[in-house]
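Residues per chain are reported as follows:
There are 2 protein chains.
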Amino acid sequence: MTLPHALTPILEPQSVAVIGASSDPEKRGHQVLAALRASGFPGTIYPVNPKGGEILDFTVFRSLTELPEAPDLAYVALPAALVPNVVRECGQYGTKGAIVPAVGFRESGKEGAELEACLLSAAQETGVRVIGPNTSGLLNTHARLHMVGGEPLPPGGLAILAQSGNIALDLMTAASTRPIGVSIYVGPGNETDIGFHEYLDFLGSHEPTRAIVMYLEGVADGEALFEMASRVTRYKPVVVLKGGISGAGERTARSHTGAVTGSHKVFSALAREAQMIEVVRADELLAVAETLATQPPVRPRSDDTDGGVVVLSDGGGHATLSADHLSKAGVPLAHLSSTTQEALRQRLGPAANVNNPIDAAGAADQAPTVLGDVLQILASDRGCHAILITGLFGGYAIRFAEELATEECEAADQIVEAVRKEAVPIVVHSLYAARLPPPLLRLLEREIPVYGSLETAIRCLTSLCVRGATPESLIGISEGQPNANRKARYGSEDVNWRKRSSQGSWLSELETRELLTPFGVPMVPSTFCHERKDVAAAVGKGPHVLKLVSRHLPHKTEAGAVRLGIEGSGQADVELKLAVDSASTYLAERGLPLDFDGFLVSPMQPKPLAELLIGAQRDPQFGPILTLGMGGVEVELFDDVAIRGLPIEEDQVVRMCHELKFSPLLFGYRGRASVDINSIAKIGVAVGACLLTHSNILELELNPVFAYVDRVVAVDATAYVGSIV
Amino acid sequence: MTLPHALTPILEPQSVAVIGASSDPEKRGHQVLAALRASGFPGTIYPVNPKGGEILDFTVFRSLTELPEAPDLAYVALPAALVPNVVRECGQYGTKGAIVPAVGFRESGKEGAELEACLLSAAQETGVRVIGPNTSGLLNTHARLHMVGGEPLPPGGLAILAQSGNIALDLMTAASTRPIGVSIYVGPGNETDIGFHEYLDFLGSHEPTRAIVMYLEGVADGEALFEMASRVTRYKPVVVLKGGISGAGERTARSHTGAVTGSHKVFSALAREAQMIEVVRADELLAVAETLATQPPVRPRSDDTDGGVVVLSDGGGHATLSADHLSKAGVPLAHLSSTTQEALRQRLGPAANVNNPIDAAGAADQAPTVLGDVLQILASDRGCHAILITGLFGGYAIRFAEELATEECEAADQIVEAVRKEAVPIVVHSLYAARLPPPLLRLLEREIPVYGSLETAIRCLTSLCVRGATPESLIGISEGQPNANRKARYGSEDVNWRKRSSQGSWLSELETRELLTPFGVPMVPSTFCHERKDVAAAVGKGPHVLKLVSRHLPHKTEAGAVRLGIEGSGQADVELKLAVDSASTYLAERGLPLDFDGFLVSPMQPKPLAELLIGAQRDPQFGPILTLGMGGVEVELFDDVAIRGLPIEEDQVVRMCHELKFSPLLFGYRGRASVDINSIAKIGVAVGACLLTHSNILELELNPVFAYVDRVVAVDATAYVGSIV
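Quick note, the sequences are listed as chains A and B, same order.
Quick note: the first sequence uses my numbering, first residue 1, plus one each step.
Quick note: the second sequence uses my numbering, first residue 1, plus one each step.
Possibly wrong hints are sitting among the right ones.
Same chains, same names: a pair is fine if it fits in one copy or spans any two.
In silico SDA-like cross-links for lysine to any residue, where the CA-CA straight-line distance does not exceed 25 Å [to be verified]:
1) Lys51 - Ala80
2) Lys27 - Phe400
3) Lys533 - Arg711
4) Lys533 - Ser569
5) Lys110 - Glu403
6) Lys328 - Pro620
Worth flagging that the hints you see were computed from the coordinates, not collected in a lab.
Chain A extracted, bound-state conformation:
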């Protein structure tokens, strides 16, 4: 027997109090009572209002203490200012959870933030767990607990976590028309107490929930979210849409949820690492979740390399567009065996196109059960990893002849039987989906997803492919102890710039080099000269580079503080003067102190095969990450980076190299040799370890890193120390 989850009494309560119950139908304190009644909540309902009396035939209690028992959950339908005290009372009385719909907390400014701090104290001191504030409520169809507005919903399988009541309503409205239905909806709101990850944890073990849909703008604890997600996604699909990804969007998000919205790239990379499925369109969220909940993931059924998706159409255009879209998504079409092709030809006639995409037009539209036979043939081909039916199916009786209706329904049954027998995933696009003719209803009732948009159907199919893919990496989290590892490896050994880091400061290249050396990061050899007079002697044979050392110059090149191609001591003197003059002007213009620690002199390196950037940073929302990309001064133009959570292993860094658009430069291209990937992997791990070891390093960047056939060396390095707000 498994222990009940800590959130069980709150999300599946036996008794509920509505504090601030009202007889005014326009007030929340009335609507929630009405909704609870309408949904047939089987537990006890306690309306609370100092006025007493009756509302909707319920006897109203004048205060919490009048209740015959402590209710499991309290719905606090009161304005923000009153909430902290009421929550404290709830806790003192033994109530386990409180739902706070009120706005006027953190999202509304400084005063609200203070009020929210009071609410949190009240919760923590009395042990009450709080949903919200700024939540649109809670719905548990299996517990018949309805505490949001709108129509009651039957029990279903999709759980919804959404930071927007409207998006939630959107999803619930749409889900209510599909057989899958909704299991639980929670609006985490400001996440003052209960965070996304805790709801996710609960839903992971919530039996009726078959897939989890999330809409989030900001998240209070991004690291916890991804760690939890990487556990839950092992056995349940999690689909996520992230709002507030643009500058403009970010502004909107801030004014609405009071959460800081993190960089979208980081979010996407970490979501993928945690095996979540990210969608970027609201109109795909429900469909993708429904498909993932009802269809098996797309996985190879044999060792051959010819497997893939089979597209079955009844006309050219949809077949062409399906092939286009699948190709763009990187999903291969299956090459069907000659046996399969021969069987198809026998069934569809000699003129039919039996190469994938298969066109059944002319055969199926006169005798729909042909499709049933075709599906059986396809499903038994081991190269058929998944099936997309696209076109008119479901509407043959509408389009061609009413007499086809019965046979079309039979075909639907045969389709279901064929894919069930072989456990082949299937998605159906029909241009008659909106009309829901009987054959499509049959498919839907048997949990075969049907969509009116070809693009939505294809997105669902590709999400099944992603779900079926071998986990590319689980960021070093070992089985069984998913939570422990990552946090444990966070270091606490501060670097010795405490004073500076309290306000935030760049480190000079020299300081950064000292930081990196113990981790084995290879840097271009250099001589440090404290005095100007020592520079000339440090310039040896061949061309050299001279750099000013100052923590005020993180962008040395821009400041003219890097001089290249210095040969001999005469030139060294000239360049030294130029560097100092240029940097002085640069610093003076910016009101920074003319404060140099000295000079670094290094031999020029030969032209590398590739220049990289390798950096690590602490994302304020999502924790420590490693970034690897094409480097040099044009790094922003390339916009070609891979991102992973830290800590990281060498093989994961190698995979990051493969992810880059410019990866051919690293792995050989047009007769060019491959660079020393192993060394890149070692440096990636070392940079990550360095960041994790020193908890006050916020950013650490090697740029450029020169990669050669047999070695890799960092040419420059910088770091920023501070404390995360």
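Add chain B to chain A, keeping to what the hints say.
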């Protein structure tokens, strides 16, 4: 009075013959008669079948010659093999057009292609214009002429040109549920005779047609299409979806329409030049066309730079996602004036967010007419260039209280009035769109587009922005004579490699240099040495480059035939031998002749600020184009090119430079200087002119072109001569 269009008797016939009329309801020759009857075609209908008799109460004629008149249009419901002769008979009898639905022509292989050639001869010799073959038919709702299957449709405003019957059916099925409706549908099929551009020409002057929707896979005459489109789009929106853009898709397209599918990038660039709106999702095609047909384009209403789209939501999530999507599409949000904000605050209450996106939640859901007032306030702000309403509107009565129904309908009327008065474009997203509640029906009936998908609504809005944008370029086509210019400037002066070009051949660098010189393309100075013994003497002071000259070595670097950094005659001899040996091996491995013309010796150029590729080519489908992008050996990795049709002007080349992702490298970046853009523009024009002058140059490429602050010089050049198949 305007003259009737040449296609008028065919697309708006007074009389129609159905040749191959049949009493079998499963045959086309029956279905078309039934469809014509059902649609109430007011002209004369002549069924023709040698058997005579009666079908559907029509008297059947035994042959064309028995008819009392030559019908305007003949629907030839006969197998492919019979079609050419029947079409010839039609022409001899005086019939003006023929529709050929039969397959078995070009798309089916060599024999079919021969049959199609016979069909074309029959048409051209007798003057019959042919729709198809391989067409799904013709529908003209205004002429009540229905010659495709399915339900009759009422007259409407969208014309559909589609190379797939299924996509057409998809569009017609969807359009039939919208007030805009369908005007004409034609399936151009194989375009043997009448091509896309001719239909487009007809539709351009077809009064009831308000927007044109095209689905195409291949197109017979891409140049004619784009030239016609650039005329028609001046006064009617044209929306296009291109199928067959992927390798896999291309294969499917080939087997279905027999047309060669061109490169998608070229198509997109030229479609944009012609001011067509390209969509990439089938589920957006109808919506975008409907919006463009019913809403004015988005244009600035004032000189201020703060204008943009206003988003009006009733909840956070949709507002955030709208801002995200608009930002991604590069569409600015309007900054509302303080007067407007104050007016909004008065109407929505002090707590409302009156910064764009505006959140009316809390006000509108209790009193929907608030939305009407808000719309009036917004529409009168000159910075409001367009409005997106997103969220629950239309469903307030469903979601909140039934009593709101009347007021919500009033609000709909007020919305219509407000945007009409100020001619502000508007698109509405409602999560209740699928249910079509009365307020949304009111909007739709007054031609305000409403969509259930937020992303579709936003795509519609961004297409209005594109439609309203100043034509970036009209490829030098002067007003009034759109057709003439481009063709006229195609040269016919062949370069003197006729013999080689009949089979296709590369030109050596030396040959290409000779070709380019008269057009003023600056190339790195070089000395040509016919004999090996002259090479050493040609190497002057400083480092030089040695290149083998051979038309068999278009990729010299790969063959080891380019030697860099040669200093002095001793090194020259060594490198010369290396080059010859390496190239000899390379040629021998490929079975190519060891055939060198000699050697080019040039001084090494300093490192440029940027390396470019500037090329021109004749696209087999879309005609001559100029390509400009980042150059060097990594050009495929950069995947950063701009494309335009030829001929071209200098300012257009400058705009191409701006289009590149790497444009900061050209226009100055992080303190780096800008390169000599004027010279790049001149070279672009020159390369284009060179291609147009010599009609047998298929490709011409300068790569790399070195760009400096004060000059631009081509380092290498190659060309391919041949004849377009």
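My question is about Lys27 and Phe400: at a cut-off of 25 Å on alpha-carbon distance, are they close within one copy, between copies, both, or neither? between (53 Å within a copy, 11 Å between copies)
Lys533 and Arg711: within-copy, between-copy, both or neither at 25 Å Cα: neither (33 Å within a copy, 41 Å between copies)
25 Å Cα threshold - placement of Pro620 relative to Lys328: Answer is between: at 24 Å across copies they meet the 25 Å cutoff, but 34 Å inside does not.
From the Cα coordinates, with 25 Å as the cut-off, is the pair Lys51 and Ala80 best called within, between, both, or neither? within (20 Å within a copy, 87 Å between copies)
How would you label the pair Lys110, Glu403 (within, between, both, or neither) given a Cα cut-off of 25 Å? For Lys110 and Glu403, neither the intra-copy (69 Å) nor the inter-copy (39 Å) Cα distance is at most 25 Å.
Checking an output row: Lys533 and Ser569, CA cutoff 25 Å. Within, between, both or neither? Within one copy only: 11 Å inside, 42 Å across.
The structure does not agree with the numbered hints 3, 5 stated previously, though it agrees with the rest.
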